[in-house]
Each structure stands twice: as structure tokens, then as C-alpha cells.
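Work out the full structure, taking the sequences as your base and the hints as a guide.
Chains A and B, in that order, give the protein sequences. Taken in order, the first sequence gives residues 13 to 293; the numbers are from this note's numbering. Taken in order, the second sequence gives residues 9 to 167; the numbers are from this note's numbering.
The hints are simulated quantities; they were obtained by calculation from the structure and are not laboratory data. Beta carbons are placed, not taken as given, at the ideal position from N, Cα and C, and that holds for glycine. Hints are not guaranteed to be accurate.
[Stated by the list, open to error] Examples of chain A residues lying across from chain B (beta carbon under 10 angstroms, computed):
#1 A15
#2 K22
#3 I26
#4 G45
#5 G46
#6 M52
#7 T62
#8 N120
#9 I168
#10 Y169
#11 C173
#12 A228
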Amino acid sequence: MKAPDFSYEKPTTISDVLALLANNELECQLLAGGQSLMPMMNFRMASPGTLVDISNVSELSGINERDETIEIGAMVRYRELELSEIIKAHCPLVAMVLPYVAHAAIRNRGTIGGSIGLSDPAAELPAVLLVLDGKIEITSEKGIRLEPARTFFKGIYETSCEPDELITKIILPKKHLKQKFGFHEIARRHGDYAMAGVCIAQDIDLKVRVAFFGVADRAVRSIAVEKLLSGNSDLSEQLIKDAQNALNDIEFEGDMNAGPEAKQHIAKVVLERALKEMKNE
Amino acid sequence: MNKTAQIELIVNGEKYFENVPVRMNLADFLRNKLGLTGTHVGCEHGVCGACTIFLDGVTARSCLTLAVQADETEITTIEGYETDKNASDLIKNFHKRNALQCGYCTPGMLASSIEYIEQGNPPDRKKVKEHISGNYCRCTGYQAIVDAICTTIQERQSR
Ligand SMILES: Cc1cc2nc3c(=O)[nH]c(=O)nc-3n(C[C@H](O)[C@H](O)[C@H](O)COP(=O)(O)OP(=O)(O)OC[C@H]3O[C@@H](n4cnc5c(N)ncnc54)[C@H](O)[C@@H]3O)c2cc1C
Ligand code: FES
Ligand code: FES
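Here you go:
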């Protein structure tokens with residue numbers, strides 16, 4: 013199908029974007045890479061009054077290194093992240109997941125702000141932000157606020173970003189020496205949304221964070237699995253088994269791929285594989 | 009209310025000025041406004057890859073891009089791959105290896121193949137498969153397509 017009728021605006025500054033968003037009558041929706049919004053419009057699941065194309069807002073571009081963090085503009089496309097030396101050096105988990113985020117032609121257009129703003133339950137980057145304890149910079153005419161990832165994602169396509177707000181930056185902590193990361197996902201076809209996947213970060217003090225995607229209404233951490241794994245330097249076979257058995261504190265939800273029980277099973281499989289890959293590093 | 013827009017773009021080396029409804033996607037623009045029907049439309053939601061074209065040097069889904077978004081860009085479609093992308097050897101190898109039957113997927117398949125080769129990637133079957141994973145082919149079973157891409161890279165390397 014084709015997209016329904018709408019008006020189109022292409023502002024060039026953040027303040028012009030915010031002025032459009034603040035006008036309720038326009039029923040604005042932001043268009044970044046369009047790789048999720050366009051299919052939703054073609055399916056008539058979304059019918060914005062005014063499409064606000066933010067691809068010409070130069071303030072939303074760029075990957076910048078600060079003392080302790082890496083700041084990524086909302087309009088930075090996956091392809092740019094994939095090629096970035098800064099990301100390779102300081103955000104290895106982002107570099108690990110990118111080849112699995114959609115297909116090459118979609119990564120050429122899709123943006124980090126779009127992925128975070130959409131909060132698809134099966135998307136990789138929200139889970140990455142959860143285990144890295146990333147922050148989201150959100151701007152509106154009322155000002156700028158920083159929201160931690162752990163409170164930002166609310167449910168399927170639901171975030172704490174209000175209709176008059178714009179995600180302006182994603183802020184990730186730089187990798188520390190000795191920090192270790194794990195990732196694994198299972199998808200029907202390479203690049204498609206995963207049936208289930210996991211991201212893991214182990215800090216220097218052996219504190220572990222584990223987040224799953226594709227298994228619930230949003231990316232979710234398993235505190236039970238984190239507790240079990242934290243403090244262990246050796247990821248023994250037994251510990252991995254115990255971690256799998258501990259994975260029952262998530263409200264698993266089915267989708268077109270699989271029911272809740274199958275989701276739990278696949279989540280255990282990806283957890284085992286990610287931990288084994290970390291062990292063998 | 010901006011429901012139509014004036015756009016200026018280059019398609020296969022030729023400059024166009026056109027007035028388009030803003031809701032028109034790039035695939036429909038190329039096919040219906042410019043008559044470049046080599047670009048195919050399958051699913052219109054980004055999954056099948058038949059509509060893949062080059063936009064400013066990288067592949068993009070023309071069904072997920074609005075024609076207005078292509079304002080001030082440079083587009084290459086299958087009509088330009090022999091001349092603008094020097095891909096006649098790849099096209100010959102597609103033919104030789106029977107890497108197409110009905111040809112529906114071929115315009116998009118060629119776009120992804122050209123991008124893989126242009127990026128200087130090796131003739132590695134696993135990597136090729138990952139790169140073309142976003143393009144469905146319901147006829148060939150893919151092996152012949154992978155053969156054609158790998159053969160082209162090997163031939164270019166030994167030249
Ligand atoms: C075939 C296919 C497979 C895919 N597979 C995957 C996959 O495996 N993993 C994955 O993660 N994704 C996948 N995607 C989705 C892809 O990653 C999208 O690009 C991404 O989800 C949205 O980014 P975008 O820039 O295209 O955003 P858009 O589609 O432009 O926007 C998405 C939503 O975010 C909002 N938004 C955009 N920017 C902002 C902002 N700055 N502030 C606030 N809100 C904003 C928009 O209003 C819209 O609601 C797939 C898509 C396709 C078509
Ligand atoms: S028609 Fe564009 S991907 Fe299928
Ligand atoms: S040749 Fe028929 S779909 Fe590929």
C-alpha cells in the first residue's frame with residue numbers, strides 16, 4: 013500500500029523542529045531515516061498530519077568524543093556508526109551488534125535516534141543502551157533533559173519522549189580497560205529482527221548487566237541472571253547452566269515468530285552462546 | 009500546507025526538475041514519473057529488496073524513501089549500472105551463471121552486489137550472503153548469485 017496524505021516540512025535547525033512539534037494542530041511526526049516510519053505509513057499504521065524531516069538539521073549529526081563519554085547525534089546513521097573509528101575503539105558492543113541491525117541498504121538510511129525513538133521490542137540498540145547505562149538527551153521548547161535508558165523505554169513503541177520532544181543525542185560511557193562484552197541473537201534471516209537476543213556487559217569490578225530483546229514488550233534486563241553472574245571471573249559451564257535456569261524473572265511475550273515459552277527457551281540459548289563466546293575470547 | 013514539492017535530482021547522470029506529491033515514494037517516482045521501470049516494487053515495506061537503488065553512492069530502499077527526500081541527491085538505477093557503475097562484467101556473470109530466472113529480484117540484487125564489490129570486499133561466500141541477505145530471490149536458490157559475485161571479484165583481482 014501507499015502512505016496516506018500528509019504535509020511535509022524540512023527544517024534545518026533544532027529550534028525550527030521544536031516550534032513545529034509544539035504546534036498541536038499540525039499533528040507532527042518526526043522522520044529520520046524512515047526505515048520504520050515509512051513501512052508503518054505504507055501499512056496505514058501511522059498517519060501523521062505533518063511529516064517533519066530532520067535529516068537536514070546539522071546539529072543532530074556527528075559522533076564526538078568527550079572525557080568519559082561518546083556523544084552520538086540522533087541523526088547519525090547506522091552506516092556511519094559502522095565505519096566510525098571512535099565507535100570501534102570506545103563502544104565495542106555497539107560495533108558488535110551493528111552488522112545484525114537490519115540489512116546493508118537499511119543501515120545506510122536508518123539512524124540511532126530513530127531506533128531509540130521507536131523502541132521496537134526486538135531492536136538491538138535499546139538493549140545495548142540498557143547494559144551500557146546510556147543516556148538520552150531530549151530537547152523541547154521547555155528545555156533539555158537527560159533521561160537514563162533504564163527509565164526511557166516504556167513498552168512496545170512507547171518511550172518517555174513526549175510528542176513535543178526531540179531526541180537530540182545518545183550518550184554512551186567509554187569502554188574501560190578490562191570491561192568485557194557479549195552479544196548473541198537468533199533471527200530467521202540475517203539482518204531481520206531477532207526472535208530473541210541478548211547483550212551483556214561485565215565491568216572491571218565483575219558487576220554484570222544483561223539485557224534481552226525480542227522477548228517482551230521492550231528491551232529488558234534480567235536482574236536474577238545479573239545477580240548470579242556478578243562477582244564471577246570464571247564463566248564456568250556450571251555457572252552458565254545456573255544462569256540459564258535463573259532466567260525466569262522476565263514476563264516473556266510471544267509475537268508472530270514464537271509463543272512466550274519458545275521465547276524463554278530461545279532466550280536461554282542466546283544467553284548460553286553469548287556467555288560461551290565471552291569465555292572463549 | 010506543503011502537499012507537493014519541487015525537487016531537483018540527478019538520475020543516471022541526467023538532471024531532472026520535477027513537481028511531486030510529497031507522499032510519492034521514490035520507487036513510484038522513478039517508475040511512473042521518469043519511466044525507469046527497471047526498478048521493481050515487491051513488498052513496499054523494506055523486506056524484499058526488489059526496489060533497492062543507489063542514493064548518493066550507497067544502496068537504499070526506494071520504497072522506504074520519499075521522492076522529496078531525494079531532492080538534491082544523485083540516484084543510480086539498473087538502467088545506469090553498465091555505464092555509471094561499470095558493472096557489465098557482473099551482469100555478464102549473472103547471465104552466465106543463470107543468477108536470474110524471472111528477473112524480478114535482479115535490479116535490487118545487482119544493487120547490493122555492486123555495493124559489496126565496490127566496498128573492496130573479498131570473494132567470501134559467507135560475507136556475500138550476509139550482504140545480500142536483504143534481497144529475496146524466489147527462483148534461483150541464491151547459490152548462482154553468490155557464484156556470479158565471487159567470480160566477478162576474482163576476475164577483477166586477476167586483471
Ligand atoms: C526489513 C527491515 C528489517 C529491520 N531489521 C531491524 C533489526 O534487525 N534491528 C533493528 O533494530 N531495526 C531493524 N529495522 C528497523 C531499522 O533499524 C530502523 O531504521 C529504525 O528502527 C528506525 O530508524 P529510522 O532512522 O529509520 O527512523 P524513522 O523510521 O524515521 O522513525 C522511527 C520512529 O522514531 C521517531 N523518531 C525518529 N527520530 C527521532 C528523534 N530524533 N527524536 C524522537 N523521535 C524520533 C519517528 O517519529 C518514528 O516514530 C528493520 C527495518 C526493516 C525495514
Ligand atoms: S519493495 Fe522495497 S523492499 Fe520490497
Ligand atoms: S530471479 Fe525470480 S526472484 Fe530472483
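Here is how each hint holds up against the structure:
Given the 10 angstroms rule on beta carbons, the hint for A15/A holds: about 5 angstroms separates it from the nearest Cβ of chain B. Satisfaction of the interface hint for K22/A is found here, the shortest Cβ-Cβ separation to chain B being roughly 8 angstroms, below the 10 angstroms cut-off. Against a cut-off of 10 angstroms between C-beta atoms, the interface hint on I26/A is violated, since the closest Cβ of chain B lies about 19 angstroms away. Because the closest C-beta pair between G45/A and chain B is about 8 angstroms apart, less than 10 angstroms, the hint holds.
The interface hint given for G46/A holds, since its Cβ lies 5 angstroms from the closest Cβ of chain B, which is under the 10 angstroms cut-off. At a threshold of 10 angstroms, the smallest CB-CB gap from M52/A to chain B is about 9 angstroms, leaving the interface hint in force. Restraint check, T62/A versus chain B: the minimum CB separation of about 8 angstroms is within 10 angstroms; hint holds. Proximity of N120/A to chain B holds as hinted, the smallest CB-CB distance being about 4 angstroms (cut-off 10 angstroms).
For I168/A, the suggested interface contact is broken, since its CB lies about 18 angstroms from the closest CB of chain B, more than 10 angstroms. Below 10 angstroms, beta-carbon pairs count as interface contacts, and Y169/A has none with chain B, the closest being about 16 angstroms; its hint is therefore violated. A cut of 10 angstroms between beta carbons decides the hint on C173/A: the least distance to chain B is about 22 angstroms, and the hint is violated. Because the smallest distance between the Cβ of A228/A and any Cβ of chain B comes to about 24 angstroms, over 10 angstroms, the interface hint for this residue is violated.
The structure does not agree with the numbered hints 3, 9, 10, 11 and 12 stated previously, though it agrees with the rest.
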